[in-house]
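Trainee: Next come the chains, spelled out residue by residue.
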Amino acid sequence: MFNQGGLSLDQAPPISVVLRFFVTASIFGILLGLFLLLQSLNLTTLSSYATQLITVHTLSLGVMASFMLGALFQMLPVLAGVVIKTPTTKAMIVHILLSVGVLVQLYAFGIGSNSLLFFLASTYLGSALFYAIYLMLKELIKIKTHSSSSKGILFALLALISTTLFGIYLLLAEGGFIVGVEFSHIKELHYSFALFGWVSLLIVSISFQVIEMFYVTPAYPKKMSRYITVTVLGLLVLKSILVLLNYSSTLLTATIALLFLIYATVTIDRLTQRKRPIADATVWFWLFGMALFILSMTITLISSFLPIDSTLQHLSYITFIGFALSIVFAMVYKIVPFLTWFHLSNQGYMEAPMMHDVIHPKKAKIHFYIHIVTIAIWLLTTDITWLGSLLLAISFSWLFYNLFFAIKKYTYTQKHCERIEW
Amino acid sequence: MKKYFLDARELAHPEPLRISLEYLKEMRDEDYFYMINIREPIPLLELAKGKGYRLFTHKDNNQNWHIIISKNQQQNLEELLDV
Numbered sequence: 001m002f003n004q005g006g007l008s009l010d011q012a013p014p015i016s017v018v019l020r021f022f023v024t025a026s027i028f029g030i031l032l033g034l035f036l037l038l039q040s041l042n043l044t045t046l047s048s049y050a051t052q053l054i055t056v057h058t059l060s061l062g063v064m065a066s067f068m069l070g071a072l073f074q075m076l077p078v079l080a081g082v083v084i085k086t087p088t089t090k091a092m093i094v095h096i097l098l099s100v101g102v103l104v105q106l107y108a109f110g111i112g113s114n115s116l117l118f119f120l121a122s123t124y125l126g127s128a129l130f131y132a133i134y135l136m137l138k139e140l141i142k143i144k145t146h147s148s149s150s151k152g153i154l155f156a157l158l159a160l161i162s163t164t165l166f167g168i169y170l171l172l173a174e175g176g177f178i179v180g181v182e183f184s185h186i187k188e189l190h191y192s193f194a195l196f197g198w199v200s201l202l203i204v205s206i207s208f209q210v211i212e213m214f215y216v217t218p219a220y221p222k223k224m225s226r227y228i229t230v231t232v233l234g235l236l237v238l239k240s241i242l243v244l245l246n247y248s249s250t251l252l253t254a255t256i257a258l259l260f261l262i263y264a265t266v267t268i269d270r271l272t273q274r275k276r277p278i279a280d281a282t283v284w285f286w287l288f289g290m291a292l293f294i295l296s297m298t299i300t301l302i303s304s305f306l307p308i309d310s311t312l313q314h315l316s317y318i319t320f321i322g323f324a325l326s327i328v329f330a331m332v333y334k335i336v337p338f339l340t341w342f343h344l345s346n347q348g349y350m351e352a353p354m355m356h357d358v359i360h361p362k363k364a365k366i367h368f369y370i371h372i373v374t375i376a377i378w379l380l381t382t383d384i385t386w387l388g389s390l391l392l393a394i395s396f397s398w399l400f401y402n403l404f405f406a407i408k409k410y411t412y413t414q415k416h417c418e419r420i421e422w
Numbered sequence: 423m424k425k426y427f428l429d430a431r432e433l434a435h436p437e438p439l440r441i442s443l444e445y446l447k448e449m450r451d452e453d454y455f456y457m458i459n460i461r462e463p464i465p466l467l468e469l470a471k472g473k474g475y476r477l478f479t480h481k482d483n484n485q486n487w488h489i490i491i492s493k494n495q496q497q498n499l500e501e502l503l504d505v
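Heads up: the sequence lines are chains B and Z, in that order. Quick note on our numbering: the first sequence kicks off at 1 and runs consecutively. Quick note on our numbering: the second sequence kicks off at 423 and runs consecutively.
Just so you know, not all the hints are guaranteed correct.
Stated by the list, open to error - With a straight-line cut-off of 25 Å between C-alpha atoms, the simulated SDA-like cross-links for lysine to any residue are: (1) B/K223 with Z/Q485; (2) Z/K447 with Z/Q485; (3) B/K142 with Z/E462.
To be verified - Some residues of chain B that are not near chain Z, with every Cβ distance over 10 Å (derived): (4) L31; (5) T44; (6) G175; (7) M213; (8) D309; (9) S345; (10) M350; (11) M355; (12) P361.
Claimed, not checked - To give an idea of the chain B side of the interface with chain Z (calculated C-beta under 8 Å), a few residues: (13) R20; (14) T272; (15) K275; (16) Y349.
Note that these hints are calculated values from the structure, not bench results. Cβ atoms here follow ideal geometry from the backbone N, Cα and C, with glycine treated the same way.
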């Protein structure tokens, strides 16, 4: 849906490829909210360790990975000019393996002592993620002249390889298949590659193209768009070596946090220089997300040199989650209306709904208000509260409703509207 | 021969594509579409090519792209360039 050398909308995959991931991500989000609601009301007997694992992995895999892989299937042909052949079947395989893998993994975390479940979880999730990475990387490495975005996506996928490998190690150790002598080191690296590498690098890479294009802003500084992604990946690799050799990697973590701080500040600066500053919920999501990213990275930076208490640590996690979700929501509210309109329009439906008919901007604004209240409640309380959990469930339910409405519009137009050849 | 003109330099994505598609659908065979943009609108070009339109693109000294699209097989599109 974007515009850079080699991009082709005609090669874009069918709309179902993206929507199956987005709908699943919303359902996982709703389930997470309901799960936390039960926890807050003391209606489960899970340990806090199991609750933490279930929460983190529902968010990172069920929600974030679903959104991000779905978006990548859609955006790679248009952002990087690469084509994944027969995308419908391939996306379906990744989607099923990932969804089943997440459910098995969550069940394994809940039960805690079933080796077979940990083995199955690592098999399903490993297959889903490695297959998706393979499909995308094998096309990305063929690109002769990379844009900052395509290069950044490549690095984000490399970070996802490390995240997945470390994750499999941890699952097999939890299941008793390996001794796991490096468990705490690998756990630290698993989180570093997942948060700084996969999630952050992907958002940074995509923003280099979409911020300028969606919001008509000045371009990012060339040095930043050229070097930040490779530098962060290099620092993460260096950090792995230091951590595994038992050396301190504090300075490297601080440097990564500082780089992201600068990036987020520049993004806010660019967004305030929009040539047509109209009220748009997707801009608000970006601004809010970047503000949260700044907070999260500031705490990370401080914690690199000073001891921080659990409250500040909690704030760091919530601000990062808030950042990632804000950007995902911003992208969904741009991608879904555009794709629905574009596919129908290209198929020749003269009465194809306009983008604001697919998901009305007011609906996106309502979601933004729900989202900021949700994040505010989670920031203000250090424990799981029924209100924060309920709001989380409402937030994803609202997104699910909007996606459902878009799908209904799409199928209704295909069934009932006249089609012309043009 | 009618000229459909669009200055997309300050339009956010996907407005240029949306308006362009509207114009292309509306145009008669002898008409042509002229767009100025800050980037080469590859999605639009791919789409128009796929639908059998003829294309001409030119990047001027100010780094602006001039796009001319028509169904007219006889018309020399380069002649319509206005720089």
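Trainee: Each hint needs a verdict: does it hold in this structure or not?
Mentor: Hints, verified against the model:
{"no.": "1", "hint": "B/K223 with Z/Q485", "in the structure": "21 Å, holds"}
{"no.": "2", "hint": "Z/K447 with Z/Q485", "in the structure": "28 Å, violated"}
{"no.": "3", "hint": "B/K142 with Z/E462", "in the structure": "22 Å, holds"}
{"no.": "4", "hint": "L31", "in the structure": "33 Å, holds"}
{"no.": "5", "hint": "T44", "in the structure": "45 Å, holds"}
{"no.": "6", "hint": "G175", "in the structure": "47 Å, holds"}
{"no.": "7", "hint": "M213", "in the structure": "5 Å, violated"}
{"no.": "8", "hint": "D309", "in the structure": "43 Å, holds"}
{"no.": "9", "hint": "S345", "in the structure": "6 Å, violated"}
{"no.": "10", "hint": "M350", "in the structure": "8 Å, violated"}
{"no.": "11", "hint": "M355", "in the structure": "8 Å, violated"}
{"no.": "12", "hint": "P361", "in the structure": "13 Å, holds"}
{"no.": "13", "hint": "R20", "in the structure": "22 Å, violated"}
{"no.": "14", "hint": "T272", "in the structure": "15 Å, violated"}
{"no.": "15", "hint": "K275", "in the structure": "5 Å, holds"}
{"no.": "16", "hint": "Y349", "in the structure": "11 Å, violated"}
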